[in-house]
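Colleague: Single-letter residue listing:
Protein chains: 2
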Amino acid sequence: MGDRDEHGIEIEGGDGKGGNLKEPLLLQKSVSRVNTTSQLAIVGANVCPIESLDYEILENDLFKQDWRSRKKKEIYRYVVLKWTLALLIGLATGLVGFFNNLAVENIAGFKLLLTNNLMLKEKYYQAFAAYASCNVVLAVIAAALCAYIAPAAAGSGIPEVKAYLNGIDSYSILAPSTLFVKIFGSIFGVAGGFVVGKEGPMVHTGACIANLLGQGGSKKYGLTWRWLRFFKNDRDRRDLITCGAAAGVAAAFRAPVGGVLFALEEAASWWRSALLWRTFFTTAVVAVVLRSFIEFCRSGKCGLFGQGGLIMFDVNSAATTYTTPDLLAVIFLGIIGGVLGSLYNYFVDKVLRTYSIINERGPMFKVMLVIAISFLTSCCSYGLPWLMPCTPCPAHMEEECPTVGRSGNFKNFQCPPNQYNDLASLFFNTNDDAIRNLLISGVDKEFHISTLLLFFSAIYALGIITYGIAIPSGLFIPVILAGASYGRLVGTVLGPLSNLDTGLFALLGAASFLGGTMRMTVSMCVILLELTNNLLMLPLVMLELLISKTVADSFNKGVYDQIVKMKGLPYMEAHAEPYMRNLVASDVVSGPLITFSGVEKVANILNALKFTRHNGFPVIDEPPFSEAPELCGLVLRSHLLVLLKGKKFTKHRATTGSDIVRTFKAHDFAKAGLGRGLKLEDLNINDEEMEMYVDLHPITNTSPYTVVETMSLAKAAILFRELGLRHLLVVPKTPGRPPIVGILTRHDFMPEHILGLYPHFNPHK
Amino acid sequence: MGDRDEHGIEIEGGDGKGGNLKEPLLLQKSVSRVNTTSQLAIVGANVCPIESLDYEILENDLFKQDWRSRKKKEIYRYVVLKWTLALLIGLATGLVGFFNNLAVENIAGFKLLLTNNLMLKEKYYQAFAAYASCNVVLAVIAAALCAYIAPAAAGSGIPEVKAYLNGIDSYSILAPSTLFVKIFGSIFGVAGGFVVGKEGPMVHTGACIANLLGQGGSKKYGLTWRWLRFFKNDRDRRDLITCGAAAGVAAAFRAPVGGVLFALEEAASWWRSALLWRTFFTTAVVAVVLRSFIEFCRSGKCGLFGQGGLIMFDVNSAATTYTTPDLLAVIFLGIIGGVLGSLYNYFVDKVLRTYSIINERGPMFKVMLVIAISFLTSCCSYGLPWLMPCTPCPAHMEEECPTVGRSGNFKNFQCPPNQYNDLASLFFNTNDDAIRNLLISGVDKEFHISTLLLFFSAIYALGIITYGIAIPSGLFIPVILAGASYGRLVGTVLGPLSNLDTGLFALLGAASFLGGTMRMTVSMCVILLELTNNLLMLPLVMLELLISKTVADSFNKGVYDQIVKMKGLPYMEAHAEPYMRNLVASDVVSGPLITFSGVEKVANILNALKFTRHNGFPVIDEPPFSEAPELCGLVLRSHLLVLLKGKKFTKHRATTGSDIVRTFKAHDFAKAGLGRGLKLEDLNINDEEMEMYVDLHPITNTSPYTVVETMSLAKAAILFRELGLRHLLVVPKTPGRPPIVGILTRHDFMPEHILGLYPHFNPHK
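Taken in sequence, the protein lines are chains Y and F.
For the first sequence, UniProt numbering gives the first residue as 1, with consecutive numbering after it.
For the second sequence, UniProt numbering gives the first residue as 1, with consecutive numbering after it.
Don't take each hint at face value.
Computed footprint of chain F on chain Y, listed as stretches where at least three residues anywhere in the stretch have a Cβ under 8 Å from a Cβ of chain F [said to hold, decoys possible]:
#, region
1, 686-695
2, 701-715
3, 734-741
Keep in mind the hints are simulated off the structure, nothing from the lab.
All C-beta atoms, glycine included, are put in the ideal place defined by N, C-alpha and C.
Please build the complete structure, drawing on both the sequences and the hints.
Modeller: Given below as structure tokens:
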């Protein structure tokens, strides 16, 4: 455990691994160490226990009995319910997505109109005061919600959802309080003028909604419909949360196909064909919900929710033929975009590490940091446009110039009538409108080069320093904004050399930044196509994404992977590291092991539960129940607690399996959400009972996956990852030894653990 | 083996399973049995050996030595080469796709112009003679190629590619001869007026190209660049063939994103994130190649290759708002579409079984059948339009009426000037043009209801009876044609009740048929969007696909799954059947087993190779090499052959591993394509050598995946499927027995095998 112990950070409660009885929770270490360790829980910095999820089907006697007696009708109900839940997730996510946009547009619209009116009266200082104080108030609300109610709601949420779908449940990451703060925090944060998106938070929101619906009801609120118990397991929850994540993207971008692909490419670690169909259904529902609401709003019943809101950019008029110089320009754009994208990741990483020092001092410091960034953002967006000269309105425009009202291309700002300030059109707007203005085509000369340069630099820097403060903050919009301004800048500079429209350049610039930071290809491509509604740009967008991803991959990892790693979440990669081929399974097992007999003394079980944090214990059948000691299977901590609570004990060592099977139902052992199952303290066992015996056979999973101790670690890792295991039993190769050598958990496959044990394999040394 | 033996059809050579030494190849049984068995090799009916693919990384000493000594430079070259191969696959598939369209358009165009000219001179009988004889000649060429050169090229090819990617290599399915016949057979077949598509064949073509490039060069043609040896293994070949399949769809439909999704949803059984990116790159290359050629042809340098060819339909003008009655109409369309789609599958199945009786009589019979269907098709497409009255040309049309030249909406046919025959516009055209005419929007009254009804019935029937004859024949186009005419028919009938355009109805009808037969959702949806270039129809198309798939799934399986099953390919489903939970791994193992010692007598090995068709043999270390008999690992037939060929034998039982490791290189054991590796006959071992010993340790995979004999069969099946195994070793649970109980292969997980052993689990009994 060298590396980890040195840094003092423990990932997980050990999952039944032997020996380490004093495995601590993931703890925040002292400030002085923050910069030396690579594993940190930074964003939403709280003491958060992490637990692995149980995706394996546990084939014990109870499960088999339940499954055998399951009627066709029940299976039918299960299928119908699962589709209904998918429908509900789609409806709810669509609704939240619309509500989010409606609220943001109205709040931000009110703020901008207020400021605008003061500016028209030339009360510039008052205008700034109104603008900045509106922003600060909104920021404080968002930050307070986040810091005091649900710290897990800070940040994008995509890394956590990704980790969850990989099998890591961090405490309260999908809790109802997180959902509440994520929705409202995101609204106030985005309306407060921060350079943050609502897309990442929407994905997290979708996942939270799915988790809530997949909890199997709630006893607290009396929602205990008995059919919901089917979903009280991690496998079904995983499916629903995948649907939720897809629905989130679909709602954020109005991109149903993009949502499915996002879930497939970025979010999910395991994928089945059936899941493709179910996520597709969910995103289709989202699309229909959004469409109906937008139809409803078209008649003007939604306040300031105008043409803006649900972003949908039209880049239709862009030219669709291109020549060699155009392609060269596109390649150039992609290479530089890739470099800038990977730099973005680098800076985000640095900033997150710095902020974690501030954030962990307490909620007050979090709020203060948010206020500081909010004020800085207000200064930039109100102050910088003053540096730009006024531009006369172009003649013969369809659009009004200067803009009257809230959104529009030609903000008057401080200029005299019939002139506009081009930087204000970008800065003094909601982020969505700014993107729309950047992507506009056919008006090549709307923005000065210096305007674009200034805007790009400011947004690039603001995007980096905003992510990591204690508000729900998506990364898509800052990256798209920076990328689009970069692309339009390059397009304007290269204008004389290329036939391509500057609006198209802006889109390609956004693609190159997205490829460079998030490293998604197909899903990003489809999302951009669904956003811009122009399929003819497909080859160029594809090319752009491929180039920038390739370039950026040679520097560092994608931004989400980076954050997952920084948060210390034990993410299992799909491939095995090369050095694992030099090791065998038993090399990384750390003993000694705690095992139970098939019929075990209650006191022994209680002690094991009390003094270890293991989540799985091997069960060994010993004489007289078998001829020689042999491995019976694996029993889970949560199941042991339920069994002990039932108190089906006997005075003597005897099998009472059939009795237990009759007393318990399989769903008594169904898994509750994290932190909501039985706890050791809930048991009330007296001294007499402590000396009695309990038969573990009915709850023992008799088909655990096993590997022989001489199995290559790389192949064991692939087995562990592909089957989504939590425990992998290592059995001896030679006879005459105890029937089990050890247990491998997620933890044992982490590079930090392995390279700690075998530092000479470290490729970076 | 009850069920299988009764039907007399063996799937695979046993893969190292014990006992059945006389396992035959997959043989065509006598005609009288054809209708009684469910497992038949029907389309492309030939005696075809099937072999499983080796996807597992075999970690033997040689591999480890090779891998340890591999320099960074080599890994870099490997990566660059793999991307280069992806590029080449994209280029080649794009080129073939374009060539295919060019040829079809020119040949079919010439044929139609010739007939048209004769008709203008009112020589109606001569016109029919010219038309029918053109068709028959083209059909005979296609059929002769198919029947005499490469029978494997008949049919769609998608089921075989799907099976390959699941791990089943059927003989010559991806051979160069198959590629040749697939390209030219498809051209002549489509140009010959059959109701077949070129889309399925394009997928197969793409896969063949990928396989050819992934062969690691060819000694025969002197193409033996040493770096290509990296790709001489089934894992890399699988990746390349996935790219090829995606490129095929991308080339056929000009749908790059749709191609990627098709590979993901329908073709591939295993998927990794890296693969997403690589297929995406390949399809992007295809899109660029096609685009450049189409640009080139726009100047008229491509003969009759006009606006037709690469199908790309514009349904842009269709209305994008819809009301409740519209939605009801769409739902109705989907339900009936689903029913008709599943009926289509049912009939295709029946027709295939009937044709197999004819086809297996010999190539002559195949050609005769093709001629008969060709003549029938000519009669329908020339004869049926005579039943329709002439329609006066609509006034104020942008398009010329009646059509002059080849393609166009308003075929004059037998009508007087200024009138057109609406059925001829559909029938007397290439399939692509017919689809374009059906999808046309804004001209609601172009087709009579009776025309559409007649066309729909004829195409539905022709599509069914054409699939299964000995020409390369895709299913997409017949299904889209039938679906579009069905949709337009419903749209015309419901016209007064709905605001939707009939062109949109035609598109939705096509979607409902595609959902009902092929059961793809996301990929089909994206392909349709890319074909029609209108993203605003997305929610409706999604809804349509979901409804029709749901309806059709309650009747039967998707058409490709059905064909895979009918061909007797042992396809591993992603899920375990419920009855497998009642069985354990040892229940389906059939012994006795043939094992080798760590150092084995040559004669024993030769005998085992000669008298069994097993592909894997467990290696047991026995005293004096170990204390007790223990499992060392698994050795492959192909590796044994190479080792024996090398003749590193010793007189006495001694380990000579290091000597062997020095003599051989890992790539000596690289896997050649099916039927091209070493054969037993290539060995030349004399009697003296027969009595010598050979050390098997260096080629023994010491990390085979194992399950304990009491492991639930369902969980063993999941392990086998998820990791893409070929052999799964079953080890004993109790000590004191031989270290291996048996080997599970793909074959042992087939429902036919299990239900043969345990008929009482059969859910249909």
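Colleague: Taking the hints in turn, state whether each one holds.
Modeller: Structure-based check of all given hints:
{"no.": "1", "hint": "686-695", "verdict": "violated (count 0)"}
{"no.": "2", "hint": "701-715", "verdict": "holds (count 11)"}
{"no.": "3", "hint": "734-741", "verdict": "holds (count 3)"}
When held up to the earlier numbered hints, the structure conflicts with hint 1 and nothing else.
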